[in-house]
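In the UniProt record's numbering, the protein residues as written are 1 to 571.
Accuracy of the hints is not assured; some may be wrong.
Heads up, simulated BS3-like pairs for lysine-lysine below, C-alpha to C-alpha not over 30 Å straight-line [unchecked claim]:
(1) K548 with K558
(2) K558 with K406
(3) K183 with K377
(4) K548 with K533
(5) K268 with K533
(6) K377 with K268
(7) K418 with K268
(8) K533 with K377
Just so you know, these hints were derived from the structure itself, not from any lab.
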Amino acid sequence: MNIHTHSRVARTSARAVDAKRIAFSIAAVAAAIVVLVACWASIVPPAHAETLSATASSGSSSDAPDTPDAPVVQTADGPVQGIATPTGVEFRGIPYAAPPTGELRWTPPQPVASWTDTRDATVFPPVCPQAPPSPWGQSEDCLYLNVTAPARDAAASSELPVIVYIHGGGFSYGEGADYDPTKLAGDGAIVVTFNYRLGLLGFLAHPALADGPGASTGNFGYQDQQAALRWVQQNIDQFGGARDNVTIVGHSAGGLSVLAQLASPGAKGLFHRAVIQAGAFALQQQSLAQAEQAGQASAVAVGCPDQSAECLRAVSVDTLVAHEQASFTPGYVDGTVLRESVGSAIATGRFNRVPIINGTNTQEERIFTTIGRSVTKGATILLPGPIDASNYVSTIATNFGISTTKAKLIAAAYPLSKYATPAHAFSTLNSDANFSCPAYALDIAASRYVPTFAYEFNDALAPQRDVPDGLGAPFAATHQSELQYLFDLPNSQLPGGLSPDQEQLAANMRAAWVQFAAIGSPSTEAVQWPQFKALNPRIVSLETPASKVERDFALTHKCGVWAAAALLANL
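Please build the complete structure, drawing on both the sequences and the hints.
Encoded structure:
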């Protein structure tokens, strides 16, 4: 379920007492990789240093005063008290839906019970259940969000644009608190991060779980995301945000989630702009019938051969997490949340038409190839072994499920003589096939209907987060390299800070993202960002020492080769 199984290294994070976290051993990292060998979609799993305090879990602290150091905001459900920071205010662990436990397991998110006493919102919420199990605690009661707002003059009356960030993690792990948006908010935005149900708890499709005849199951995690967006519509003005100016942003599985919300009728009107980062790797979704067949197999695996909802809801969380299938690919065409695949929705114009930014990193697959994996059309494939000249063609054939003859044609387009190693050649072609060219096809399709801005993150010396020793470096601009340019990553280990040029690139990127959230165009004084047009396909290359406009992206990434081989995602 995760294309980020290369690293299970723990990170440091602020929690209730801003304690530093302990690091997992590299042995635990390796063991987790073996267990999750076929999983897919976000490189870094979370690690927690603390369990949620009883105060945050129950959410009450009676009659707390509103002070500059402990601001209180009245939400539609009740008052919450956050904390002041040197740069603004934060509210952590605000519930946006009822705990999805007991009879509410595998139901659409339900309204949260209101409260009257002031709720403590100073502690990050628990993570949703995921593997490997966090030694610091996780819970099904995990549907919480965090709000970060910049410092403002007391007389300020204008509302700020709102950015809602959907975390990645292959729909299997991760949390909103992995991403510290303080710097992003400092450029003039209210930023919301949140947790949503993951794995089988978030995406189990099973006929016994349908509410009635013809009802769908399986997209509960996507429904959680919509519930968080509805909370924003109901409450964000109380935090200084503009409910009519909401931008959703996501990376990897979060980027695919952004595409799902663009395609979902249930998300109509809940956001006004969208940013897709490395999200075009799975443009075609399974049917509900396929998903429910897999769900019935999962029911047997977790000890419910009778296929009853009662049995499934009685299964322990640990058992459900342990039995997530390697072939599990969340997000289904269920007829309700998704009426068609996200690629089809964009291609036909049947989507929530808002301006978009869409992009990838130059070498998305480099890190995966290094750890012996390939991400192909949303599924993780275990490579047969180190790639060399003797198995280059056969590895291509196996990876894409094609004939040796067709594999030789692809190999000829990526001759080993042009690359430092066979592994670099393979990671380049795999990046082109599974990320760069699908993103380009998405740009062309979306630009027919909405203002579209395209980018490629291309800092070849970007530090790579959470990489165990011995894997070698640099990885070029590989999967998730851009995240530390937008966020601080308190839960990650980084090999070092950014250089002055990289810090400037980071500042320029944050300014562009916030500018887009504010006015629908990412152009700033530092980065002149033209709109993408099918007949004038200009893409901004985000790089040091200065970003530039690319005009030959499709040629550079050999998108014609993949289209001719019928391996490019069919929108």
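Evaluated hints:
Restraint check: the Cα-Cα separation between K548 and K558 comes to about 20 Å, which is no more than 30 Å; the hinted pair holds. A distance of roughly 15 Å separates the Cα atoms of K558 and K406; the hinted pair therefore holds under the 30 Å criterion. Restraint check for K183 and K377: not satisfied, since their Cα atoms lie roughly 34 Å apart, outside the 30 Å limit. Using a Cα cut-off of 30 Å, the hinted pair K548 and K533 holds, with the two alpha carbons roughly 17 Å apart.
With a C-alpha separation of about 25 Å, the suggested pair K268 and K533 falls inside the 30 Å cut-off, and the hint holds. The suggested pairing of K377 with K268 holds, with an alpha-carbon distance near 27 Å, which does not exceed 30 Å. As the CA atoms of K418 and K268 are separated by approximately 47 Å, the hinted pair breaks the 30 Å bound. With a C-alpha separation of about 25 Å, the suggested pair K533 and K377 falls inside the 30 Å cut-off, and the hint holds.
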